[in-house]
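Enquirer: Listed here are the chains, written in short residue letters.
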Amino acid sequence: MKRFHHLQNVATLAYDRDKCVGCGLCIAVCPHRVFVLKKDKAEIQDREACMECGACALNCPTEAVAVTPGVGCASYIIQTWLPKGTTPQCC
Amino acid sequence: MDGFITTPSGRVPRVKAHPTLWDRLGDCRARLGLDRNNYTVNPGLYAVGDPSPDAPVVVTANYKLTFDTVRFALRGRNAWILVTDTRGINVWCAGGKGSFSAEAVALQVRKAGLDRVVSHRRLILPQLSANGVRLRDVRKATGFEAVLGPIRAEDLSRFLDQGPDDAMREVTFTFMERLAVVPVELVLGWKMVLAVLAAAAVLSLIGTELALGAVFQRWILAATATLFGLLSGAIAFPLLLPRLPTRLFSLAGAGLAAIPALALPLLFPSPAWPALVGVGLWTMTVSAWTALNFTGSTPYTSPSGVEKEMRAAIPTLAGSTVLSVICFIWGNLQ
Ligand code: SF4
Ligand code: SF4
Chain A
261 MKRFHHLQNV ATLAYDRDKC VGCGLCIAVC PHRVFVLKKD KAEIQDREAC MECGACALNC
321 PTEAVAVTPG VGCASYIIQT WLPKGTTPQC C
Chain B
26 MDGFITTPSG RVPRVKAHPT LWDRLGDCRA RLGLDRNNYT VNPGLYAVGD PSPDAPVVVT
86 ANYKLTFDTV RFALRGRNAW ILVTDTRGIN VWCAGGKGSF SAEAVALQVR KAGLDRVVSH
146 RRLILPQLSA NGVRLRDVRK ATGFEAVLGP IRAEDLSRFL DQGPDDAMRE VTFTFMERLA
206 VVPVELVLGW KMVLAVLAAA AVLSLIGTEL ALGAVFQRWI LAATATLFGL LSGAIAFPLL
266 LPRLPTRLFS LAGAGLAAIP ALALPLLFPS PAWPALVGVG LWTMTVSAWT ALNFTGSTPY
326 TSPSGVEKEM RAAIPTLAGS TVLSVICFIW GNLQ
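In order, the protein sequences belong to chains A and B. Each residue of the first sequence is one higher than the one before, starting from 261 at the first, in the numbering used here. Each residue of the second sequence is one higher than the one before, starting from 26 at the first, in the numbering used here.
Treat the hints as calculated values from the structure; they're not laboratory data. Any given hint could turn out to be false.
[Unchecked claim] Stretches of chain B that chain A covers, calculated by requiring three or more beta carbons in the stretch to come under 8 Å of a beta carbon on chain A:
(1) 150-156
(2) 159-166
(3) 188-202
(4) 320-329
(5) 333-345
Beta carbons are placed, not taken as given, at the ideal position from N, Cα and C, and that holds for glycine.
With the hints as constraints, model all of the structure from the sequences given.
Expert: Printed below as a string of structure tokens:
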């Protein structure tokens, strides 16, 4: 996916190296190869590729990764702007 | 359906691993975006081939297009397919929405009495369900270990033989994958086009000449501009996506549409120039909007990124819509 990138510096992905136990789950679940394992710790190798799907944060056993998950599509975003009450639907 | 297999937990329906004409027709309709919302299979356990108690269990969503892709990918193998109730939505979207979750998987494991059907304790989940399924929760709830399978069903065979590799862990967006979403974009775009054509018909009534022929001429110009915009945004844009020089979907969509917009004066030499400027601008606006909507079909845009682009693009597109209407009317009054 190196050929596809959207805007820079927007992803809400946060990673706390101290909490990481190196289980490797974030590396396995991520569909964009954002993480790599180096010296028994996860490391962010391609932050710009993150699409904020939330898989890493959901599966990390120690909450070392955090991200505000959502769907990156225009109609979903419009619905998040509308008054609360209806949960955004997509797909 | 192809008979039943008797297991200690009851009879399990066996499904064919090759598509019938009926499957193909249904899949075509779903791909076209027609009845995408009720194209489902019943949740539960299914068999492919002649699975024994140690055959692998592949978990998937109950969107029929997804289920079909999985069972056809397992052709020639013996396996179990456990279909979770994702309300007819594909794996990725169901994970994001929360309907493909550890609880949903656990529910089907219990309902099917899977612990008596198979001798092992391993479930293969699609990788893209990991944004909805916390793998360790599946184990807690069922005693089955949830293993991450490949993203694409076509890699299942390789996964079952050799285990995971890097290539099956990364999403792709190839030319063929982009081509496959074009029909959906066009079908979604049509509703907007019909509304625009109706609005254009009303606007075409304004002009120096009110004869039916003249009104129709003006309408045809507006309609052609709209169609050009849709074709540019929904076909040219997705196919050319990796070659476009900007990351902004809306800007790239507008830029691409400059070509058909410039062709409009060649096709319609008679209208006054402001009208041609107006429809040209409209072609670019439609294309930009359609391209922006394409973010819903890509596997790489993040909500933060799309929101940021939309905050800039929507006022601009609203402005250019107003401007093109003004130009169109102004030109037609000359
Ligand atoms: S949110 Fe999704 S894309 Fe981003 S790093 Fe986590 S798993 Fe990867
Ligand atoms: S999932 Fe969490 S603990 Fe495991 S490697 Fe990634 S960051 Fe570290």
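Enquirer: Does each hint fit the structure? Answer for all of them.
Expert: Here is how each hint holds up against the structure:
1. 150-156: With 4 residues close enough to chain A, the hint holds.
2. 159-166: Result for this restraint: holds, n = 3.
3. 188-202: holds (count 7)
4. 320-329: holds (count 10)
5. 333-345: With 3 residues closer than 8 Å to chain A, the segment 333-345 of chain B meets the three-residue bar; holds.
Checked against the numbered hints given earlier, the structure satisfies every one of them.
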